[in-house]
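Top to bottom, those sequences are chains A and B.
If you're matching positions, the first sequence starts at 1 in the numbering used here and goes up one per residue.
If you're matching positions, the second sequence starts at 1 in the numbering used here and goes up one per residue.
Simulated from the structure, these hints should not be mistaken for lab results.
No residue lacks a Cβ here, since even glycine has one placed at the ideal position from N, Cα and C.
Here chain B is said to cover these stretches of chain A; the calculated rule only asks that three of the stretch's residues, wherever they fall, bring their Cβ under 8 Å from a Cβ of chain B:
| no. | stretch |
| --- | --- |
| 1 | 26-39 |
| 2 | 45-54 |
| 3 | 71-81 |
What follows is a list of derived Cβ distance ranges for each label pair:
| no. | chain 1 | residue 1 | chain 2 | residue 2 | range |
| --- | --- | --- | --- | --- | --- |
| 4 | B | E22 | A | A30 | 23 to 31 Å |
| 5 | B | R32 | A | F149 | 34 to 42 Å |
| 6 | B | A13 | A | E137 | 40 to 48 Å |
| 7 | B | R32 | A | G53 | 17 to 25 Å |
| 8 | A | Q99 | B | T34 | 26 to 34 Å |
| 9 | A | Q121 | B | A13 | 34 to 42 Å |
| 10 | B | R32 | A | S153 | 48 to 56 Å |
| 11 | B | R23 | A | A33 | 25 to 33 Å |
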Amino acid sequence: MDTVTYPQPAVAEFIGAHFVPVKLNLSDDAEAAQARELVPLWTPTFIITDGRGREVHREIGYLPPEDFLPMLRLAHAKALLATAQAAEAIRVLDAALAQHTQGEYVPQLLYWRGIVGYQAQHDRAQLAEYWGRLQREFPQSTWATRCSFFKPS
Amino acid sequence: MVQQAIAWQHDLAAARDRAREERKFVLVDLYRPT
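All chains, full assembly: derive it from the sequences and hints.
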């Protein structure tokens with residue numbers, strides 16, 4: 001992460017704009033003690049919380065820049081949703097979907113865009129639009145499977 | 001253009017305080033040196 005992903009300007013810029021970044025070395029007793037409440041199972045683990053420590057997203061394992069940035073955008077949107085900022089979460093997800101058109105996180109971005117739109121506007125059409133797109137464009141995705149019960153039309 | 005470096009902190013409680021003050025969220029990277 002330190003040699004490939006974090007030096008990317010877009011990654012550093014996004015982190016600086018939206019997050020307070022914390023690195024805890026689990027081989028260091030004092031830092032491992034701080035991390036204990038987060039229940040680390042493996043490293044690297046990336047955890048996104050609000051300012052009260054409430055977790056909204058977690059990832060385990062190395063992520064290259066092309067995956068780490070959309071993951072951060074997704075986590076940012078989930079954090080906004082969790083703190084009653086759904087309109088802003090929609091803006092973040094729309095920007096992410098405009099910027100990322102392929103890659104591991106695009107199906108998950110579509111999945112959450114449907115959810116956030118539905119929760120913000122109580123509008124089934126939001127689910128139909130984004131979950132329908134997910135089912136059409138990424139039918140093999142696990143995220144399409146997770147909404148496979150849903151019939152867009 | 002000067003490349004922006006990530007200003008990592010190593011104090012979780014202080015990071016949470018700062019996140020609340022700045023209306024940001026907290027990104028935690030748990031790692032072991034390789």
